[in-house]
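Construct all of the structure, not just a fragment, from the sequences and the given hints.
Chains as they are written, first to last, in this note's numbering: chain A, 1 to 238; chain B, 1001 to 1161.
Keep in mind the hints are simulated off the structure, nothing from the lab.
You may find that some hints are simply not true.
What the hints assert, rightly or not - Some chain A residues close to chain B (C-beta under 10 Å, calculated; not the full set):
1. Val77
2. Gly83
3. Asp91
4. Met179
Where is the CB? At the ideal position from N, CA and C, for every residue including glycine.
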Amino acid sequence: MRFHAPAIIAASLILGACAQTTIRDSESVATAQPPTVPVQSAPQPIEPEAVQPAVEPVYNDMIVLLPKPNGQIGGVVVRSSDGGGDGLVLDKPYAGARIEGPGKVRAVTYDAELTRQEFGTAISALPSRPATFVLYFLEGKDELTGESEGEVARVFDELKSRPDPEIWVIGHTDAVGSMQYNDQLSLQRAERVRDELVSRGIPADSIEVSGRGKREPLIPTSEGTPEPQNRRVQIDVR
Amino acid sequence: MKKVLTFQRDILILGFLTLLCAFLASPRVMAADDEAGRVKVSKGEVYIERAGKRVPAPVGAAVQASDTVVTGSDGSVGITFHDNSLLSAGPNSELVIDKFVFDSTTHKGEFDTSLKKGTLAVVSGKIVKQSPEAMRIRTPAAIMGVRGTEFVVKVDEPIAN
Chain A
1 MRFHAPAIIA
11 ASLILGACAQ
21 TTIRDSESVA
31 TAQPPTVPVQ
41 SAPQPIEPEA
51 VQPAVEPVYN
61 DMIVLLPKPN
71 GQIGGVVVRS
81 SDGGGDGLVL
91 DKPYAGARIE
101 GPGKVRAVTY
111 DAELTRQEFG
121 TAISALPSRP
131 ATFVLYFLEG
141 KDELTGESEG
151 EVARVFDELK
161 SRPDPEIWVI
171 GHTDAVGSMQ
181 YNDQLSLQRA
191 ERVRDELVSR
201 GIPADSIEVS
211 GRGKREPLIP
221 TSEGTPEPQN
231 RRVQIDVR
Chain B
1001 MKKVLTFQRD
1011 ILILGFLTLL
1021 CAFLASPRVM
1031 AADDEAGRVK
1041 VSKGEVYIER
1051 AGKRVPAPVG
1061 AAVQASDTVV
1071 TGSDGSVGIT
1081 FHDNSLLSAG
1091 PNSELVIDKF
1101 VFDSTTHKGE
1111 FDTSLKKGTL
1121 AVVSGKIVKQ
1131 SPEAMRIRTP
1141 AAIMGVRGTE
1151 FVVKVDEPIA
1161 N
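Right under this line is the structure:
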């Protein structure tokens, strides 16, 4: 085997660049190491007046429950970080706890205004809630029902309002027809919805499409039963 | 003819070496499996500390377990996790994602975070719905077991007594 001179020169240049990068990397790793601790000198005798009593820092950690849109509150159990005690259970809107140190968990009550003042910026930075939409289809077809046709614009607006949406489009069928036929039909329905969303301006790479055939009916039926509620595409977004 | 063939071979070797070099020099690309959530809201100064390095955190950035999410005095950030939990932090905050494990089939998982300072808003997700208190939020003085709710947390700098 005989190598051409230009190839050898170019190859060595490239390898040289590689080597340099590698060295730079290892240097940056080396400097990232914590500095070595200087050797301590022998302890000096401590003057009596220099002795400080051990001080516990006073913490001021707060937690406040928010009212939930649907009113269901499962609650939060608050313990001081030493883990002792049963813990204080918060399960009402604006119920709160102040934790000042080991064993010091105190119940406090906030209101809407105080919560907004102290936590407003964090609350307004909460991302949009993950959501699910369902569109229904005509029997045996990948065409939306008239009602769902009208829904598409609303769904699109909701998806479009989200920064960096992650969307799953999942097709389903009713129990009429073979497994293979319904797998195909469910995927066709999902792809139809995906194409519709993409044509309206949702980036294609933010949508994942799948078909579940007749495996996951919304309404369980016997084999071969037409059921409009099962002929659907579910759109999950977060 | 022979000339052309050796030329082609040279090109092939060059191409291979270039690829090899690019592979060696580039930082290891994180597998998508490492992603625990994604930044959906990012205002002002926001960054992630990952393995001792600062990573920018614009909308769309991946958040992984053992990341520390930091906001500046004008910053706020909102993250959606794979179990649909939402976390957001206000200005001057430091939030450590200690642990995030989630099985999207069984919805079992564990979610541990620590608020070192600043403010945090939390909306619990599927992990908590499946196993109450599998989501825990730590602060310097407290540990909170989440049973399913929305709440806010604040950590002030501790005062020496």
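- Query: Hint by hint, which ones does this structure get wrong, listed from lowest number up?
  - Reply: Hint 4 alone not satisfied by this model.
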